[in-house]
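Asks: Residue numbers (our numbering), protein chains in the order written: chain Y, 1 to 163; chain U, 164 to 658; chain C, 659 to 1130.
In short, the hints are calculated from the structure, not lab data. Be a bit skeptical, because a hint or two may be false.
Claimed, not checked - Pair by pair, the computed Cβ-Cβ distance ranges are:
1. N209(U) with N1088(C): 54 to 60 angstroms
2. R590(U) with H77(Y): 29 to 35 angstroms
3. G593(U) with T35(Y): 51 to 57 angstroms
4. M165(U) with T663(C): 41 to 47 angstroms
5. N209(U) with T35(Y): 23 to 29 angstroms
6. P19(Y) with P373(U): 55 to 61 angstroms
7. W1023(C) with L155(Y): 48 to 54 angstroms
8. V79(Y) with R590(U): 52 to 58 angstroms
Every residue gets a Cβ at the ideal spot worked out from N, C-alpha and C, and that includes glycine.
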Amino acid sequence: MLFPLAVLGLLAISSGWIPFGEFVSTDGKVLATETHLDFSILPVALSLGGIVIAFVFYKSTTAYPDRIANRLGSFTHTVKNKFYIDEIYLFVTKKIVFNLVGRPAAWIDRNIVDGMMNTFGAAAQVFSFSISGIQSGRVQNYAAYFLTGIIGLALLFIYVWIH
Amino acid sequence: MMLTILILLPLLTALILAMSNAKASRTVALAGSGIQLLFSLLLLQNYLTERAAGNTALFLFESSSAWFPALNINFHIGVDGISIAMILLTASVVFAGVLVSWKIEKMTKEFFLLLIILSAGAYGFFISLDLFLLFFFLEVAVIPKYLLIGIWGSGKKEYSANKLALMLMGGSALVLVGLIGMYYNSGNSFDLVHLSTFHIPFYIQKIFFPFLFIGFGVFTAIFPFHTWVPDGHSSAPTAASMFLAGISMKLGGYGCLRVATYLMPEAAQYYSGYIVLVAAIAIIYGAFATMMQTDLKYINAYSSVSHCGFVLLGIGMLTKTAITGAVLQMVSHGLMTALFFAAIGMLYERTHTRAVKELGGLMKMMPFISTVFFIAGLCSLGLPGFSGFVAEMTIFVGSWQRSGMFYHIATILACMSIVVTAVYILRATGQSVMGPVNNPKFLTLTDAHWNEKLAAGVLIVGIVAIGVMPFWLNDLVSPGAEAIYNQLSRFALLK
Amino acid sequence: MNGMTEFFFLMKHELSLVLILVFLLILKIRTKPIVNSSLINVMNVVFFLNFILGWFLNKDGSLFGGMFLNSGLLAFEKNILNLGTFIICLQASSWLKDHKHVPEFYMLLISTLIGMFFMLSSGNLLMFYLGLELSTIPLAAMCNFDMEKANSSEAAMKMIMSSAFSSGILLFGISLFYGMTGTFSLLGSGYNFDGSPLQVLSFLMLFSGFAFKLSVVPFHFWTADVYEGSPVSVTSYLSVISKGAMVFVFSSVMYTTFKGIATVWYDAMVVLSILTMVVGNLFALRQNNMKRFLAFSSIAQVGYILIGISGSSESGMASSIYFILIYIFSNLGAFGVISLISSETGRESIDDYKGLYKTNPMLGWVLALSLFSLAGIPPTAGFFGKIFLLTAGAAKGNYLLITIASLNMIVSLYYYLRVIRAVFMDSNENAIEPIKSQTSFKLAIILCVAGILVTGFANGLYEYILSLSHGM
């Protein structure tokens, strides 16, 4: 385990010095950026500080780390549970996205949109059923409808749709 | 001459099929669709040589013979890049479909006969340059789909077949009204080329464009007329699902492009906001609805609604890149969803279940099918290297080129749907193919046979070719897309 | 002598039918009993010859002072009706061979056909009325030809009573027409119609006489009961020939005589066609008896024909004639299958047809093809017929009407698919057993299927009809 890590560490330090911008570019020109060294002071200081603290905490054999952990109490607890990020993710996806967005979307599709189409079909059936009584089988009714039709059309044409 | 052979070949195959017996029918169908695939490649070759020789006419291999001169209906056919791409797609999917259905026992002859007739309808649709002829081929496909789902399907097949047939007929009815409207307002002509040069008055365009776009849109699962897709695709037999999702939905997209947008560009621009809205809803809503599905075929069917929303988004944005992207998405999605349905069909044939919860650990017993399944899934979520990425990327870039807050927001929302796609794809494929074996009875299952391997191979070759070398398809398709875009700038002002 | 030869050529169709009628009467007088099957075969050949003869030596002209007309268009229409009658006779063979009154059937059939030809050729309202009555009354008698069934007698009675009622109103209309114009002639385009109430009333009453035979809603109520009760061959005759003849007369009268009040009858046609399509489709959804089902479906088809006629005159005429020809093939294909099954097994409900494809695949395909043609699905000819009708009808710019018609095509597809579903997809324990059919039936079916598949692509046919309709 040590050897691979050592190799990786060496490469991490050295490969930053290779001028990739001269070899890889989208338009043939050299991709050059500026380096602001004073920007790097804070990150490097923080990283070195972290290495030092880690060395002090974990290399030493005293109970010093445990005392610090107990002092900080709930903060240690939060860090131990990785800032509860996993729980937040699971909550957002399972409870919010799946339940409040996905499930209603599927429900709307099955019931409302599909239901609209099925309603058109059902409406045709219902309407067809409701007027089926007109075909009664009695010739006298047929003659009555015949006459009503003519009179109705005549009234429409003479009084309503005047040309 | 070449194009007439394109339609005559499947008809000849159908004729021979009608006269052969059940055992021989599948060989005949395979031979017929195989020859058709080779012929399509030959057509592509000829087309590319013609273009390389400097022929810049809009449509190549044109031929026109009078059919009903009194109504100005001619048998006018011709191809451009977009048509050739769709023809290649059709040939591949039909060939793969015939292979996958090798083991059909019930009424084998009729099955292949209907499948070949379907393909003849699709070929005819893509090469027609006369609107009546186009509508003729569009309608030819309705009844074979109904019979294929109703007789060989599974689940609630009669209900799904009915819903599919009636809703598609509804789309055709709207298209018919639009076509008749254009006929009377353009000097009594059904000819596509003539109509593209004739300037139909804007107020007429405003009336008939919705008819045509919504009519063709029903075929492409425009929201809210998309409900025939989940039930129809899921109840259909495998080859029919492949054809329905892979090709039939593209009939609508092609119609929207070639007929609605190309012939009525001003109205297209006027309504583009609505089209983008509806497409965006389809993409996002389709993706979320897919997340909740537990049946593999329903997952794929709903995801088809979402992916075809991309096609409509590309068409609605009306920039050159977006239109090219829409065509690329049509081809890519066709291949991908056919592959997905083929894989699901192979799985179902062996395990007799499509519920994701009941499947698991299939990679152990069926490595080939599982890999195919995974490839289809990864292409669906847009992994680079496969065609899905190329198409979606082009659409996004093209959509962003359209300026306006509304269009930008729609593009952003559509991009976000990729995440949702990844969720349901990875869940479906991961749970069914990896992990522990749920059902001990699955341990004795066999891997793919030769026909299934060949079918998957054909489709994967297409997907990878487009994914790794997209330029050949792009160069094929973009002149046609450019022609459509030029219509917009000729008659309309587009920023 | 010139007048006599002119007489023979102008009335060629009618005279050949009268000759056949006389031949049958002489046969009836003989004392030897007639063998049914040989008579049927002879009559099939005779009808075929009659159909062929109709194509030659046709002349244009008029007789009896303009009461009887003939022209290329009318000759073509009569030929179509002859073809339809020939196919019906072929299909009726299996039912007739066990019937007791075969010569009477043929005599009545020919009488109605003569009546229809006179109606078609009429140039005068009196001649028209003569033809109308001559075509209706024997037809009512034919409805009764299933002598053992009470249904049949009921159908005949309803037919006679309804026709009598409609004839009464028609005569009233004719008398008002005479009052308006002072003449019975249908040819006058010099009538100055200005839409006054008397003209509207006269027109509507005449129109209702046409609408009765055409089964336009709300004059259609007799259709379902009569179609259901009559024997299948008579039903097919009613639905195809009677309706077809009426469409021909109706369109020519509308375009020539009533050209002056075109705006009035255009509105009437729009309203009635919408009503007819919608009501026909809604009622067809509920039917279980195949004959009743086809009755309502044919009512819905009439709605489409009205749309076609309502458009401009030339293409409206051509498209409606073209549609009638295709409608003959499609309807007779469906009725042929039904008549064979009905005469062999007596079963007529859609539930009985379940699983038909497994036992009788050929019959299943023919029925499916005919229903697809009725629904307007390519590549059958019905697609072309419907599209041409709608295109002709849209000439006046009424796209609302076209939209309603297209949406109705969805509803009609649904009920046709119900039958397809029963035939192809449902299974049945006591499905109809395999039926062997005679050559005459096979010939009829081949004619119908050929007509359905070929007529759409035979572009020359539509051009020919259009050329005949010039000058309308």
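Asks: Taking the beta carbons of V79(Y) and R590(U), is their distance inside 52 to 58 angstroms?
Replies: violated (31 angstroms)
Asks: Cβ-Cβ distance between W1023(C) and L155(Y): within 48 to 54 angstroms?
Replies: Given about 50 angstroms between the Cβ atoms, the range holds.
Asks: Does the Cβ-Cβ separation between N209(U) and T35(Y) fall within 23 to 29 angstroms?
Replies: violated (57 angstroms)
Asks: Please test the hint of 51 to 57 angstroms on the beta carbon pair from G593(U) and T35(Y).
Replies: violated (43 angstroms)
Asks: Taking 29 to 35 angstroms as the stated bounds, is the beta-carbon spacing between R590(U) and H77(Y) within them?
Replies: holds (32 angstroms)
Asks: With 55 to 61 angstroms as the target window, see if P19(Y) and P373(U) comply at their CB atoms.
Replies: holds (59 angstroms)
Asks: Quick one: are M165(U) and T663(C) within 41 to 47 angstroms, going by C-beta?
Replies: Given a distance of about 58 angstroms, which is not inside 41 to 47 angstroms, the answer is violated.
Asks: So does N209(U) sit 54 to 60 angstroms from N1088(C), Cβ to Cβ?
Replies: At roughly 58 angstroms between Cβ atoms, N1088(C) and N209(U) fall inside 54 to 60 angstroms, so the hint holds.
Consistency with the previously given hints fails for numbers 3, 4, 5 and 8, ordered from lowest to highest.
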